[in-house]
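**Q** Take a look at the letters that make up each chain.
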Amino acid sequence: MNKEELLKGLREGVIEYDEDKVKKLAEEWLKAGYDANEGIFEGLAAGMEVVGDLFAKNEYFVPEVLMCADALYAGLDILRPHVKVDKGKKKLKGEVVIGTVEGDVHDIGKNIVKLMFEVAGFTVHDLGKDVPLDKFVEEQMRTDSDLVCLSAMMTTTMVGMKKVIEKIRAKNPKVKILIGGAPVTKEVAEMYGADGYGRDASNALTEAIKMISSLREMRREDKI
Amino acid sequence: MADGLNSKERVIKLLNGDVVDRVPCFSGMGNITVEGLNKSGVSFVEAHKSPEGMARAAASSFELFGYESAVAPFDLGVEAEALGCRINFYEHSEGIIYPTVKTKILHTGDELSMPEDFLERGRIPLVAKALEILKRDMGEKVAIGSYILGPFTLAGQLMDLNELLKDSFKRQGDIRRLLDSLKAPLIALGNHLIESGADFITVREMGASADIISPRMFKNLIMPPLKEVISEIHGLRILHICGDTNPIVGMMQECGAEAISVEQKNDVAATRAALGDEAVILGNIDAFNLLVKGTPEEVREAVKKAIKAGVDGVMPGCDIWPEAKAENMRALVEATAEYGSGRIGEEK
Ligand code: B12
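Protein chains in written order, with our numbering: chain U, 2 to 225; chain P, 246 to 593.
In short, the hints are calculated from the structure, not lab data.
Fair warning: this is a prediction, and the values are worked out from it, not measured in the lab.
Hints may be right or wrong, so weigh each one.
[What the hints assert, rightly or not] Chain U is nowhere near these chain P residues, computed Cβ spacing over 10 Å in every case:
no., residue
1, I257
2, V290
3, I350
4, H352
5, G367
6, E385
7, T540
8, E568
[Stated by the list, open to error] Here are the simulated DSSO-like pairs of lysine-lysine, each with C-alpha atoms no more than 30 Å apart in a straight line:
no., chain 1, residue 1, chain 2, residue 2
9, U, K58, P, K538
10, U, K164, U, K94
11, P, K510, U, K187
12, P, K374, P, K294
13, P, K570, U, K187
14, U, K25, P, K415
15, P, K347, U, K168
16, P, K374, P, K428
17, P, K510, U, K58
Where a beta carbon is used, it is the ideal one built from N, C-alpha and C, also for glycine.
When you get a sec, could you build the whole thing from the sequences and use the hints?
**A** Structure, rendered in structure tokens:
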């Protein structure tokens, strides 16, 4: 198989949730000496983008997406250790803490958002669902993450976000905070003092990337 | 023409497929409001944990707003608790937080064996008692409702949901057996709730929301055990599923309940066209965006629209969200009485 065929196979493996195929092709990709990063982004992640479209068009549903995610992770496990870290260059993508707030078990949407972050190359610390509010603050400090993502699907649990935001701001004013979930609107995000809100998974990603680059910008100016 | 029915008669006749004087405004799912809790002096925790508290809270929307049913319980953890899961009631938290399942007890490959004393476990006796109280105190005036989960939704409470969703594909045979093993407790519970005083039972398969599961998986995996559970419950039954249910309304109807209930994402006119005049369709008022965030005028418009589109009973699309405004609840009931008179079917 040539390079193009391998990439196409990786994409298809993700879309058809064929873990074995993805594993096999990821090994072949490395054996042929190609760049691991390219395999991840032009192969696995590109496949996952198609999955996102299929989900948006109601051709794929949640179980399909979760299985595609497993195929993607199988490939990432193989390729990631071989990604060359360019020490001179600043890491573009950041670290994210994500979770569904206390009192709320709805985590299907949160899991999809998390997946998109992983596809895009972020390091994600997933706290799960029904997460005690202080846990977000602790985990952000522990990991020194650039971004905290909060999900709530109910209006009563949504108010918990406001408290988390206040606590994080008190400790670490520069962290960016992104919130989402069905009841969350732009107005809510502004009222609670979040840096942004995401309607769906891909929108969340665009917002996150914007935030992190502005954060990096700020840090650079600070340092000099 | 059936004149001068009271709420109970109206709901029961409707579910029996008889002619009624007007469209009723009721629900098969949770119907408490903060207003109702305050007026009846019941805390949110008591509404889950004391039979009197549960009964008083369940009656409050009828008493305050003329809502035409009283439904208990309010959470989705009754079955799971009786089957051995630990439940978090958030007893020390301020504000309204619904109970959640804390510990999961099943994995793919497992089958559940129903405990002999299932009906005596957890809060099942408490819910039964609450229904008895409701029956005793207001059983002649208002329809008493209760609910059980559908097998797939119950499975989502008993095991990790990601595991369930993925293995519904990868290990469909195992999941089919697991779902089959959940039928017996659900059937036993449904019948027990009817014997305790419920005039009708809603089967809530909200974990199989049409936004989450494909119609194909609904047909192959979710519908067969759901249909069996419904057919073994001897009483009046409603099947409720959330999300964009239009692609599956035919299958919902085939499940054999007296009525189906759908939420705001359902295009009711299309559902009516697909199912014909005989089907009893309930819905589809947005329980949050209208009842909590909307104005009475918007609620009235939505009621009018739902009736025009062809609902036989005006029902919120899910549990009434407790923060629903009192004036919106009143508008919901009043607008239903106003726009829903005349023989069902004429307005269509
Ligand atoms: C499936 C479901 C359940 C499942 C949850 C399983 C699970 N582990 O997640 C079960 C059956 C357990 C459940 C339980 C309950 N539920 Co429920 N449930 C739903 C349902 C049908 C679908 C939610 C869903 O997963 N959608 C699919 C995903 C992909 O969409 P999403 O979550 O919106 O996520 C997207 C975006 O919001 C965004 N996003 C999400 N999070 C984040 C985070 C960030 C940072 C960003 C940027 C973006 C983002 O991106 C996602 C991907 O596109 C909704 C109704 C609905 N149609 O929304 C009700 C709903 C959320 N539930 C509701 C209720 C009332 C309950 C219960 C309280 C019922 C009860 N009586 O006990 C309990 C909750 C108990 C508790 N304390 O948590 C209400 C909430 C009302 C309100 N406004 O507050 C809803 C809206 C139904 C309704 N119409 O009334 N539920």
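**Q** Against this structure, judge whether each hint is valid.
**A** Status of the hints after comparison with the structure:
{"no.": "1", "hint": "I257", "verdict": "holds (32 Å)"}
{"no.": "2", "hint": "V290", "verdict": "holds (13 Å)"}
{"no.": "3", "hint": "I350", "verdict": "holds (16 Å)"}
{"no.": "4", "hint": "H352", "verdict": "holds (16 Å)"}
{"no.": "5", "hint": "G367", "verdict": "holds (18 Å)"}
{"no.": "6", "hint": "E385", "verdict": "holds (35 Å)"}
{"no.": "7", "hint": "T540", "verdict": "holds (17 Å)"}
{"no.": "8", "hint": "E568", "verdict": "violated (7 Å)"}
{"no.": "9", "hint": "U:K58 to P:K538", "verdict": "holds (29 Å)"}
{"no.": "10", "hint": "U:K164 to U:K94", "verdict": "holds (27 Å)"}
{"no.": "11", "hint": "P:K510 to U:K187", "verdict": "holds (22 Å)"}
{"no.": "12", "hint": "P:K374 to P:K294", "verdict": "holds (11 Å)"}
{"no.": "13", "hint": "P:K570 to U:K187", "verdict": "holds (23 Å)"}
{"no.": "14", "hint": "U:K25 to P:K415", "verdict": "holds (19 Å)"}
{"no.": "15", "hint": "P:K347 to U:K168", "verdict": "holds (26 Å)"}
{"no.": "16", "hint": "P:K374 to P:K428", "verdict": "holds (23 Å)"}
{"no.": "17", "hint": "P:K510 to U:K58", "verdict": "holds (16 Å)"}
When held up to the earlier numbered hints, the structure conflicts with hint 8 and nothing else.
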